[in-house]
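J.: The residues making up each chain are set out below.
There are 2 protein chains.
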Amino acid sequence: MVESWPFLDTVESNFRPLVVIELAKGTKEETVEWFTKRIVDKKADGGAQLLIKPLVTENGHENIYLVGASHLRLLLGAETVGLVKECNDNSMRTFTYSSRKTFKDFADDNHNFLTMAECQYIIKHELDNLRAKNEKMIPGYPQAKLYPGKSIVRRLLTTGILVQIFPLHDREELKKLRHSWYGRVRVGYQPLDDIRCYFGETIALYFGFLEYFTFALIPMAVIGIPYYVFAWEDYDKYVMFATFNLLWSTVILEVWKRICAILTYRWGTLLMKRQFEEPRPGFHGVLGINPVTGREEPVYSSFKRQLRIYLVSLPFVCLCLYFSLYVMMIYFDLEQWALDYHKENESNFSSLMLYVPSIIYAVVIEIMNRIYRYAAEFLTSWENHRLESSYQNHLILKVLVFNFLNCFASLFYIAFVLFDMKLLRQSLATLLITSQILNQFAESLLPYWLQKRHNKRMKQRMCSQKTDRDLSLTEQVNMEKEMGTYLGTFDDYLELFLQFGYVSLFSCVYPLAAVFAVLNNITEIYSDALKMCRVYKRPFAEPTANIGVWQLAFETMSVISVVTNCMLIGMSPQVDALFPDSKMDLVLTVAFVEHLLLAVKFIMAFVIPDKPRDIEMKLAKLEFESLEALKQQQMKLAAESLKE
Amino acid sequence: MVESWPFLDTVESNFRPLVVIELAKGTKEETVEWFTKRIVDKKADGGAQLLIKPLVTENGHENIYLVGASHLRLLLGAETVGLVKECNDNSMRTFTYSSRKTFKDFADDNHNFLTMAECQYIIKHELDNLRAKNEKMIPGYPQAKLYPGKSIVRRLLTTGILVQIFPLHDREELKKLRHSWYGRVRVGYQPLDDIRCYFGETIALYFGFLEYFTFALIPMAVIGIPYYVFAWEDYDKYVMFATFNLLWSTVILEVWKRICAILTYRWGTLLMKRQFEEPRPGFHGVLGINPVTGREEPVYSSFKRQLRIYLVSLPFVCLCLYFSLYVMMIYFDLEQWALDYHKENESNFSSLMLYVPSIIYAVVIEIMNRIYRYAAEFLTSWENHRLESSYQNHLILKVLVFNFLNCFASLFYIAFVLFDMKLLRQSLATLLITSQILNQFAESLLPYWLQKRHNKRMKQRMCSQKTDRDLSLTEQVNMEKEMGTYLGTFDDYLELFLQFGYVSLFSCVYPLAAVFAVLNNITEIYSDALKMCRVYKRPFAEPTANIGVWQLAFETMSVISVVTNCMLIGMSPQVDALFPDSKMDLVLTVAFVEHLLLAVKFIMAFVIPDKPRDIEMKLAKLEFESLEALKQQQMKLAAESLKE
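First to last, the sequence lines map onto chains X and V.
The C-terminal residue of the first sequence carries number 644 in the UniProt record's numbering, and the numbering is unbroken.
The C-terminal residue of the second sequence carries number 644 in the UniProt record's numbering, and the numbering is unbroken.
Among the hints, erroneous ones may be present.
[What the hints assert, rightly or not] Derived BS3-like pairs (lysine-lysine); straight-line CA-CA distance at most 30 angstroms:
hint: 1; chain 1: X; residue 1: 43; chain 2: V; residue 2: 25
hint: 2; chain 1: V; residue 1: 621; chain 2: X; residue 2: 304
hint: 3; chain 1: X; residue 1: 621; chain 2: V; residue 2: 273
hint: 4; chain 1: X; residue 1: 273; chain 2: V; residue 2: 537
hint: 5; chain 1: V; residue 1: 621; chain 2: X; residue 2: 42
hint: 6; chain 1: X; residue 1: 636; chain 2: V; residue 2: 537
hint: 7; chain 1: X; residue 1: 85; chain 2: V; residue 2: 537
hint: 8; chain 1: X; residue 1: 583; chain 2: V; residue 2: 422
hint: 9; chain 1: V; residue 1: 537; chain 2: V; residue 2: 25
[Claimed, not checked] Over the 12 angstroms line for every Cβ pair with chain V, so calculated as not near, a few chain X residues:
hint: 10; residue: 180
hint: 11; residue: 211
hint: 12; residue: 266
hint: 13; residue: 282
hint: 14; residue: 288
hint: 15; residue: 391
hint: 16; residue: 425
hint: 17; residue: 430
hint: 18; residue: 473
hint: 19; residue: 483
hint: 20; residue: 525
hint: 21; residue: 552
hint: 22; residue: 586
hint: 23; residue: 639
Read the hints as simulated data drawn from the structure, not as lab findings.
The beta-carbon is built from N, C-alpha and C at its ideal position, and this holds for glycine as well.
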């Protein structure tokens, strides 16, 4: 079969496998032949002009293919995806093949100019953009319809002929990265640039945010400790702590934007132009003309989608919220029962029993969150959004609203209906700590343990037959294709978001929350790193310039926390005692302070520039240069036109 | 002297004067010669390649020059400034000379393809961008230093050699525009497209906003009338009115963004790319290297500017605010005195006297606003901002803060310190109506009257000698150069902003404010139109895509009005009576409703898309096309590279 790739033969010696394609077992020969031909076909003929090679194992080949590309092809692909790299003069510029010599570290024989993650991203982009020409269907599968311009890979994925595409790990690099990341116990920053080179910008930015957020929580934790140790309950101390927290949370979110700009400028993604968004894989509809592109593609009426959102999704979400509140009321019954039990037969056991309802409730919350997550994904997918970004926004909105209510409703109830500060403190502590332990376990340690067991078995099976380097590659591919798939940073950010809620919403009654958050985040860095390096398949790198909608989510949370903290302080007996004559004055004062704090927050957010001055300058310089170039071009044209 | 313009001679027959340049009397001959040579010089030699002709009057020529340009030159200039015009397929595209045939109404002999305002804008742009080459100073004026890249026109303006540059009116067009705009009494929309063609986008957008705002106020006025007529004072009716107002004000500001997008899309400015911003004319500093452009130009340390802002401007503004509050206290003394007087000798005269302090105060407020305006301009100019946009932002911030306090402080004091709703209503009415009358008078009617008297005298002087068309042009230029200069839309927007404050901040105690606002705005449209057409020199067109910082200012005002209205309702005796037992419950309820309204506002602002769907589609289509074109280009390049 190798004879059918003439282009490949000439450069076989350089073939470096980058991406693995796994086809379903029993895929028809003609389909495989057609698909691989399209992959190696010249660009001019509508192909991707990549290299492909079947993976040969002891049992013959099992429909697993390795994809690579020539060095030149990758450089041209880098231009297509609009990669931004560092130039010799230390500025960041969009890479073009014609200006390649001006880029730092570029040499025609330096194959490390593009990182492996970048190469894999380019190959993924090229595969995704491999489009049907005039095929009406996938050869061999008449039911799998195609139309001109449809992404072949996406159709193959939805029909199940293509099982998965994933990038290969680089064992050498991974070992180095593991060592510098979490290999030794040390105090220091994470190697964000190395993480970015290996896993891409989205994941590196998550770890950057996690690290930044942990550092930012340290002042809150440090200030919180004496409150716990000395059991400070003075009015003025609490007000000071809460005020500090509220302003601090605004500052850290604003400063993050600046740090994010620094990181993404260095990584080139701040300057990367947005690509035109294609319909997401799951989108379906009748064939029609897309008014934007003028191409024939599935069209789905926006009115129908709105109907689905407002008549099905919205009521369902409301029902879930109601159910969550119902569960909360059961929790309060349990709590009451435990309290009664403790009163009746006071013992060590009964005082331990006091914590049991909260722990059970925390576990139930986690379970409900996870179940709801699946339901939300199903519903949002059923809403049939055309764009991935629109799908993501609707999913995030659904999940955030439910998780917020599910996690915090009981605390709000305790604080503002029961007015029981002692219970609030206890509940908050139990919920926070239980959810942190559960998360760490479910997210990283359990999968790690499962993976390790699996690998061991795999190795035992293979070890005896291991002979040369080629087999080692086969072994690696076989091992990696069984690994779990990392589903993106959504869950990780969500966890941080809820943690931020626990820390900031009721910070003035439980200053110790920040301490637990810091401790959790330190271990979280390690367990997430472990998860990325050991448990999951390598994910494709995804360029990104910011943490997107999460910035807004965190900011909203910090606004809500101003309101809750002001109310809590207003309700404390110490403050109450300051206004012995008139409750009215108390409430008015609290309301006034709250509005003042909110105003200060908004002004601060407005005044602190989103990008550091030197990044602004560099961006202005680039813009100036491109305008200048345009002007030169026009001047030349004008001079010519006027001469005629 | 005419011999020195060889280029001009060949096209003399087509010369259409567009822009007038007035040099100071007694400007040295060599300066005039150098300047006019630079204007007619070829682009390739660093000139502007325009046409220039001295205006010859009965007294010889008086250093007044008419500037025009050949049709081809204007088309090339349109490309340079990035003009967006409508194509044959009704889409809007950036004009390029090479694609000129695809544009609607384009023909090589159609000299109306570009509107006169566009031609004048192009000429202004070209003149502004006429830069020094290696001249070290302006010939004849050794003290007027130049450096390579310095705009010649700006230097001439700052040294006073160049008195003014202004575009000529087109009497025919102006007559037509006047007729359709305010020539006949009729109910209907303003001819915004014609206004835009004649005065440019910034001014047309102001009139569009004024009209839209007036229409948007009508529902509030209509609902407000019965409250006044039937003297409704019920709690629930007021709450309904206030709630409607608050949500309505959010809706109208959001909808305006959409209408603005529709207008500016049609006018092409929504798609126009931002030009690189040059230093503003008044900016000075020692020569240094601009890190962005790499050019030698004046540099002024940002630290020094910050010092000036925080150590001088800020204390000065605070002092002015204090002074304004001091004046307010004098007003309250006066008010008290009038009240005492009325009590002592009750008569028709004494009850009229009750209004006198408010009227005096309103006049004083107007005067203080105007004086402060000059001080703010002086200070902001002294702060030495490099960019016009930064200058404008600092000026607007200074003026807005002061005007807000100056106009509304007394009302806040009456409402929330004196708790005197009757006085609040009376004060609000007097302030609103007095300021409206004063504004209309000072802004339009007075200048109109002055201008008319001046014109009459001018005409009498000229009439006897009038013989032919050429003299008529001379007469026109002489008349127009004496007219006042329109200083931009700042004052007009500020007036609307304060009016919006009067209408929305205390809407629930004085529902009639909206009625007065509507009445005022209807006459305002006419008086502003009169002012533009009759009183001022024609202003240069300025492309703009939105009303800029004013959108934010109006939105902030509508947020503040939520707070004030909730407080007012909470303080009303009717609401008070609903909570007979506990004032605390009252305040908590009000605070809750306020937070709810604010949340609804923010959610509404978030949910309502800023651009209508069809505009979004058209923008997406353009973006898609440009990405597609880029891809094609890269593909071609890639195919070539791979062939090698």
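J.: The structure should be examined with respect to each hint, and the outcome stated for every one.
T.: Cross-check of the supplied hints:
With a C-alpha separation of about 69 angstroms, the suggested pairing of residue 43/X with residue 25/V is violated against the 30 angstroms cut-off. Restraint check for residue 621/V and residue 304/X: satisfied, since their Cα atoms lie roughly 23 angstroms apart, inside the 30 angstroms limit. A hinted pair counts as satisfied when its Cα atoms are at most 30 angstroms apart, and residue 621/X with residue 273/V qualifies at roughly 16 angstroms. Taking the CA atoms of residue 273/X and residue 537/V, the gap is about 43 angstroms. The hint is violated against a cut of 30 angstroms.
Taken as a hint, the residue 621/V and residue 42/X pair is honoured in the structure, with Cα atoms around 29 angstroms apart against an allowance of 30 angstroms. Between residue 636/X and residue 537/V the alpha-carbon distance is near 36 angstroms, which puts this suggested pair outside the 30 angstroms criterion. As the CA atoms of residue 85/X and residue 537/V are separated by approximately 51 angstroms, the hinted pair breaks the 30 angstroms bound. With a C-alpha separation of about 28 angstroms, the suggested pair residue 583/X and residue 422/V falls inside the 30 angstroms cut-off, and the hint holds.
With a C-alpha separation of about 21 angstroms, the suggested pair residue 537/V and residue 25/V falls inside the 30 angstroms cut-off, and the hint holds. For residue 180/X, the shortest C-beta to C-beta distance to chain V comes to about 35 angstroms, beyond the 12 angstroms cut-off, and the non-interface label holds. A cut-off of 12 angstroms between C-beta atoms confirms that residue 211/X is not in contact with chain V; the least separation is 30 angstroms. Separation of residue 266/X from chain V is adequate, the least Cβ-Cβ distance of about 19 angstroms exceeding the 12 angstroms criterion.
Listed as a non-interface residue, residue 282/X keeps its Cβ farther than 12 angstroms from every Cβ of chain V; the least gap is roughly 21 angstroms. Its beta-carbon lying about 14 angstroms from the closest one in chain V, residue 288/X satisfies the requirement of being farther than 12 angstroms from that chain. Here residue 391/X stays apart from chain V, with its beta-carbon at least about 17 angstroms from theirs, past the 12 angstroms limit. No Cβ of chain V approaches the Cβ of residue 425/X within 12 angstroms, the least distance being about 23 angstroms, so the stated non-interface status holds.
Look at residue 430/X: its CB is around 29 angstroms from the nearest CB on chain V, clear of 12 angstroms, so calling it non-interface holds up. Listed as outside the interface, residue 473/X is consistent with that label: its C-beta sits roughly 27 angstroms from the nearest C-beta of chain V, beyond the 12 angstroms cut-off. At roughly 34 angstroms, the least C-beta separation between residue 483/X and chain V is larger than 12 angstroms, which holds for a residue marked as non-interface. Non-interface status of residue 525/X relative to chain V is upheld: no Cβ of that chain comes within 12 angstroms, the nearest being about 33 angstroms off.
Not every Cβ of chain V is farther than 12 angstroms from the Cβ of residue 552/X; the closest lies at roughly 9 angstroms, contradicting the non-interface assignment. Not every CB of chain V is more than 12 angstroms from the CB of residue 586/X (nearest about 8 angstroms), against its label as outside the interface. The Cβ of residue 639/X sits about 5 angstroms from the closest Cβ of chain V, inside the 12 angstroms cut-off, so the non-interface label is violated.
Hint check: violations occur at hints 1, 4, 6, 7, 21, 22, 23; the rest are consistent with the structure.
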